[in-house]
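Taken in order, these protein sequences are the chains called A and B.
First residue of the first sequence: 1, per this note's numbering; consecutive thereafter.
First residue of the second sequence: 1001, per this note's numbering; consecutive thereafter.
No lab work stands behind these hints, which were simulated from the structure alone.
Remember, it's a predicted structure, so these values are computed and weren't measured experimentally.
C-beta atoms are modelled at their ideal positions from N, C-alpha and C, and glycine is treated no differently.
Watch out, some of these pointers could steer you wrong.
[Unchecked claim] Partial list, computed: chain A residues near chain B (C-beta under 8 Å):
no.: 1; residue: A4
no.: 2; residue: L10
no.: 3; residue: G48
no.: 4; residue: D139
no.: 5; residue: P140
no.: 6; residue: V185
no.: 7; residue: P210
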Amino acid sequence: MGVAVPTAVLVLWEIFSRLGIVSPRYFPAPTTVAWTLADRLVAGDLAGDLLVTLTRLALAFALAALPAVPLGLLMGIARPVRDLVEPYLAFVFPVPKITLLPFLLIILGVGEPAFVLTGASSAFFQIVISTLAGVQTMDPRLVEVGRNYGAHGPRLFWKVILPAALPAIFTGLRLGLGLSLVTLVAVEFVAAKSGLGHLVYRHWQMLSTPEMYAAFALVGALGLVLTRGLRALQARVLTWQEDIGV
Amino acid sequence: MRAVGRWLGERWITIGSPLTVLVLWEWASATGLLRAVFFPRPSTIAGHLRDLAMDGTLWGHAATTLVRIGWSFSLAAILGVAIGLAMGLWRRLREGLDPVFAVIYPIPSVLFLPLVSFLVPPGEIALVVTTAVTSFFLIAFTTTHGVRQIDRLVVEAARHYGARGWRLFAAVLLPGALPFIFTGLRLGLGFALIVVVAVEIVSASRGLGALLWLSWQVLKVEDMYATFFVIALLGALLSYGLAALRARLLPWVPDAGDR
């Protein structure tokens, strides 16, 4: 049942496109797209652009996660830090992060640092907020029990607070990675001259639709692998967590 | 008066820190410590914001964006709640659509613009439909989950008391799923703003996203900051305003989307 509907959609699309019921110029047959995808992955630009996007994603994610997790934890355990940072988080968090792109473009110039930092910013805020929420919503009894058994300072942090917040941190990292992919692809679409997002844009402009759909499918596959893979990893690593949520 | 004093005593850092930053920024770019080309003085930005508001430019763009958000959100909400409810009620439909949704959902919404512009007339309609895509999935997902998490005992009890069909739906299933539907709508509206701005940056000539992008292209840096401020204000209004609305309308359930 799970594969029936997607298969049916693809078969219908194939038939309609082959018979010309829908314009094959705009909706090339799935087999044509698949062939283009395989061909370009082996011989052409697709593999290169996939690599570019993956590299940007890895950089952006690392740049976001490394400061975001400690900041979130610090905000969770130290009230003054939370008070200090919260107004900026509240102001920037609901803003679409792609709006930061033009600012980074004028400050850093058109180039990789501006693209990567825009991608990083969308992950950064999500990770800080999830981490903070993880510390804030932990069962206060855990801390009390830890205290009663003589855990203070660093011991309390490493043995009680961090493990309790870990599921939320992982959720933040997972959501952050997804958000950074979304933002990066959008950035590539508007401003970069390489990467999967740019590929979709270029082939849209040139109306070379098989290539466009191939790049599109690759982004979808990438998103699917990242979201599904990380969920599975989270369920496996953090076995004490009951529900992963969305 | 004392209440105000206590409130200030608790919040002085939260209020003081942005004010300090603004004053420092003003001073630093006035003395040239920060390059005023990239970081214009907040007072200059405020002046530009006032000018943009006075000559009507800002309102025009903001209205365009709001109208687009309104259409996209309505489209996403109607389809999302309907399909989400149907998926929650009928297992076959859920099992059939789940894999399709799982593949489509993680695709960045901006990429749908080319696809959508093949399907519907390009321009305003394509823009609205593209914006609706992500919100639709969010709303459909949360609605489905909302129906599925209803206690089976409650449904059984209702059945035993003779509730069937429309009555079962309207009296048991819909109220049971409502908190989740509301969460979905709130998230969906938030995403509609995010996506509409992104799509406007990519393809539109009007709207707040377009204003930001066009200001960058002609290097009107002050206008960029002013537009950013308005977008942030709109985002805050949508997300915190709706959270407050939920707390007022459905106070008995914690927000499923809070984390």
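Let me make sure I understand: some of the numbered hints might not hold for this structure. Which ones are they, in numerical order?
When the structure is compared with the hints, numbers 2, 3, 4, 5, 7 turn out to be violated.
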